[in-house]
Amino acid sequence: MKQRSKHGIGYYIGLILMIIGSFFMILPFYWMLISSFKSQNELLRMPPTLYPHKLVTTSFKRVLDSIPFIRYYINSLATGIINTVVGVFTSAIIGFVFAKYEFKGRNVVFMIILAFIMIPYEVLMVPLYKLMATLKFTNSYFVLTVPYFVNIFGIFLMRQFYVDLPNDYLEAADVDGCGHLKRFMMIAFPMAKPMLSALFIYLFMATYNSYLWPLISVSSNDLFTLPVGIAAFFSDRGNQMDLIMAASTMMIVPIIIVFSFSQKNFVEGLTVGGIKG
Amino acid sequence: MGDRRKRNRGRNLFLLGVLGPTFIWFLLFFIIPLFSVIVYSFTNAHMAYSNFKFVGFDQYIKAFTRDATFITAFKNTVMAAVVIVIFTLILSLLLAAGLNSLGDKMREIFTFIYFLPSVISTVAISLVWDWLYSRNYGLFNAILKALGFPAQPFLTSTKQALICLCVIQIWAIFGYYAVVLLAAMRSIDKNMYEAADIDGAGGTAKFFRITLPLIKNNIIFVAIMSTTVAFMFFTPVKLLTDGTPGTSTMVILLHIMNKGIKNSDMGYSSAMSIILMLVILFFSLIQWILGREKDDLDKRSRKRGKV
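Chains A and B supply the protein sequences, listed in that same order. Using our numbering, you'd call the opening residue of the first sequence number 1 and step up by one each time. Using our numbering, you'd call the opening residue of the second sequence number 1 and step up by one each time.
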């Protein structure tokens with residue numbers, strides 16, 4: 001047990017520094033929030049007001065009137081959920097196959113897949129765009145979903161999980177004459193639940209915040225996801241920061257709310273590996 | 001016998017059903033693009049035409065001799081990467097040590113605050129920082145003025161813009177890596193510290209003699225990860241300055257996208273992509289080797305009985 005009285009001066013210096021740091025971490029979010037509630041007049045006042053003296057919500061309404069914000073939202077949520085559900089499933093089943101089935105060249109293939117982790121996907125984007133354009137897949141929901149359907153890191157994670165899983169469970173199913181797919185769906189998949197929830201958050205955030213690929217592969221307004229839509233809105237109306245801040249606020253508030261309710265899952269899911277991009 | 005064969009068929013069907021689509025996906029989204037980027041880098045391939053000519057290493061030579069923007073982008077990226085990696089490492093280590101010293105409740109609260117940018121879209125983060133940096137109406141200049149300093153141009157200055165963009169990136173990622181390092185610190189055996197307490201070691205000594213060496217591999221992991229992120233520096237740059245003023249904030253990835261997507265020059269953008277990939281591999285390798293070498297030295301000196 002830690003005793004409070006044991007804290008030395010270093011503890012308090014650290015605490016004070018962390019409190020000061022917290023101020024800088026929260027400041028941009030606070031500024032975004034209050035800027036979106038200020039009137040245009042108040043927004044450009046110098047020195048700026050530290051909170052909205054007159055609370056107005058017109059900027060939110062004007063955002064909704066100027067861009068199909070709801071549409072962006074639905075696009076982001078729909079592609080996010082589809083990609084995540086499919087991605088979790090493919091990670092699990094591919095990881096399972098590499099962990100529990102012997103077949104020719106298994107280890108070599110797995111090593112090759114692992115080596116792909118070293119290659120940053122940004123580097124492949126121009127030729128991937130060319131390939132998608134040749135196949136006439138660009139500017140469709142196809143490019144917003146299918147490229148996210150398999151995740152190397154997810155495969156790696158799930159294989160590790162299934163390698164550590166004792167064979168006994170699966171052998172019991174064998175005796176019952178269970179089919180292979182059924183055995184995976186009924187036994188192996190549900191068993192990985194704790195791992196899958198972390199993977200779920202990891203994959204969802206990867207799609208939801210994805211910017212570069214949707215930016216280059218999609219050009220029609222109807223297909224924009226939130227990051228691309230808001231970025232386009234910014235290059236269009238960059239001088240009207242009340243609108244930009246209102247749009248940004250609407251984009252991030254739901255995520256912050258979900259994050260605050262399941263902080264542990266988010267931290268686990270996102271630090272399970274991979275990079276924020 | 002027949003039963004066995006039937007079962008084998010079921011097994012093979014299952015394997016085929018899983019590995020077949022997986023192979024097609026990898027072929028489409030990984031193998032062909034990877035193969036293409038290598039082949040294109042030796043050609044004059046253009047987005048709009050299907051035929052192309054092999055030009056040897058010309059695209060690579062062009063990058064380093066005939067394209068001033070690439071040289072600038074290369075320098076800027078390396079500089080940004082050095083700044084981002086060093087500050088991210090220092091800040092995340094300090095924060096991790098700080099968080100590690102707290103009780104459970106406080107640690108959770110501070111983790112929430114510092115981790116927050118990691119769940120937020122980089123686009124939204126960049127936009128609010130743009131507003132904070134605003135020359136005439138920004139909060140930062142208001143604070144400077146209130147303190148009696150002259151207003152700064154920030155993103156519109158060739159001298160300040162790149163650093164300002166790096167600050168955004170560091171702010172956005174160091175909390176994430178602090179949490180990664182914190183997990184490593186918390187897995188250190190408490191007995192180690194108790195033994196040091198008996199020896200009368202202070203907090204600083206314990207941090208440098210016990211904590212740091214024991215989480216060395218995690219620090220290297222963070223260094224490699226943040227190096228990759230830093231070399232892929234893109235979103236804040238694209239949104240806030242798009243390489244301007246002049247080419248003072250041009251970074252490699254932005255130059256690749258400009259040439260490859262905007263100008264449809266696939267051959268050249270592929271060559272730059274390969275260069276970028278090699279640079280990242282090179283830096284990752286150095287960090288990895290530096291991490292390994294110390295281990296080996298330790299082992300060797302221990303064998304000789306020096307330590």
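One thing to keep in mind: the hints can contain errors.
Now the in silico label distances, taken between C-beta atoms and shown as ranges [what the hints assert, rightly or not]:
1. B:Trp288 with A:Ile19: 56 to 66 Å
2. B:Thr204 with A:Asn167: 17 to 27 Å
3. A:Ile9 with B:Phe149: 29 to 39 Å
Listed below are the simulated DSS-like cross-link pairs for lysine-lysine, each with C-alpha atoms no more than 27 Å apart in a straight line [what the hints assert, rightly or not]:
4. B:Lys105 with B:Lys190
5. B:Lys75 with B:Lys190
6. A:Lys264 with B:Lys190
7. B:Lys206 with B:Lys216
8. B:Lys105 with B:Lys262
9. B:Lys159 with A:Lys54
10. A:Lys182 with A:Lys193
11. B:Lys159 with B:Lys190
12. A:Lys193 with A:Lys264
13. B:Lys62 with B:Lys75
14. B:Lys206 with B:Lys62
15. B:Lys190 with A:Lys136
16. A:Lys264 with B:Lys105
17. B:Lys262 with B:Lys53
18. A:Lys182 with A:Lys104
19. A:Lys264 with B:Lys62
20. A:Lys136 with B:Lys53
21. B:Lys75 with B:Lys206
Hint data in this document are derived by calculation from the structure and do not stem from the laboratory. Don't be surprised by glycine CBs; every beta carbon is placed ideally from N, CA and C.
Going down the list of hints, with the structure as the test:
no.: 1; hint: B:Trp288 with A:Ile19: 56 to 66 Å; result: 36 Å, violated
no.: 2; hint: B:Thr204 with A:Asn167: 17 to 27 Å; result: 50 Å, violated
no.: 3; hint: A:Ile9 with B:Phe149: 29 to 39 Å; result: 32 Å, holds
no.: 4; hint: B:Lys105 with B:Lys190; result: 20 Å, holds
no.: 5; hint: B:Lys75 with B:Lys190; result: 45 Å, violated
no.: 6; hint: A:Lys264 with B:Lys190; result: 23 Å, holds
no.: 7; hint: B:Lys206 with B:Lys216; result: 14 Å, holds
no.: 8; hint: B:Lys105 with B:Lys262; result: 50 Å, violated
no.: 9; hint: B:Lys159 with A:Lys54; result: 38 Å, violated
no.: 10; hint: A:Lys182 with A:Lys193; result: 17 Å, holds
no.: 11; hint: B:Lys159 with B:Lys190; result: 47 Å, violated
no.: 12; hint: A:Lys193 with A:Lys264; result: 16 Å, holds
no.: 13; hint: B:Lys62 with B:Lys75; result: 16 Å, holds
no.: 14; hint: B:Lys206 with B:Lys62; result: 52 Å, violated
no.: 15; hint: B:Lys190 with A:Lys136; result: 59 Å, violated
no.: 16; hint: A:Lys264 with B:Lys105; result: 13 Å, holds
no.: 17; hint: B:Lys262 with B:Lys53; result: 21 Å, holds
no.: 18; hint: A:Lys182 with A:Lys104; result: 23 Å, holds
no.: 19; hint: A:Lys264 with B:Lys62; result: 50 Å, violated
no.: 20; hint: A:Lys136 with B:Lys53; result: 24 Å, holds
no.: 21; hint: B:Lys75 with B:Lys206; result: 38 Å, violated
The earlier numbered hints that this structure contradicts are 1, 2, 5, 8, 9, 11, 14, 15, 19 and 21.
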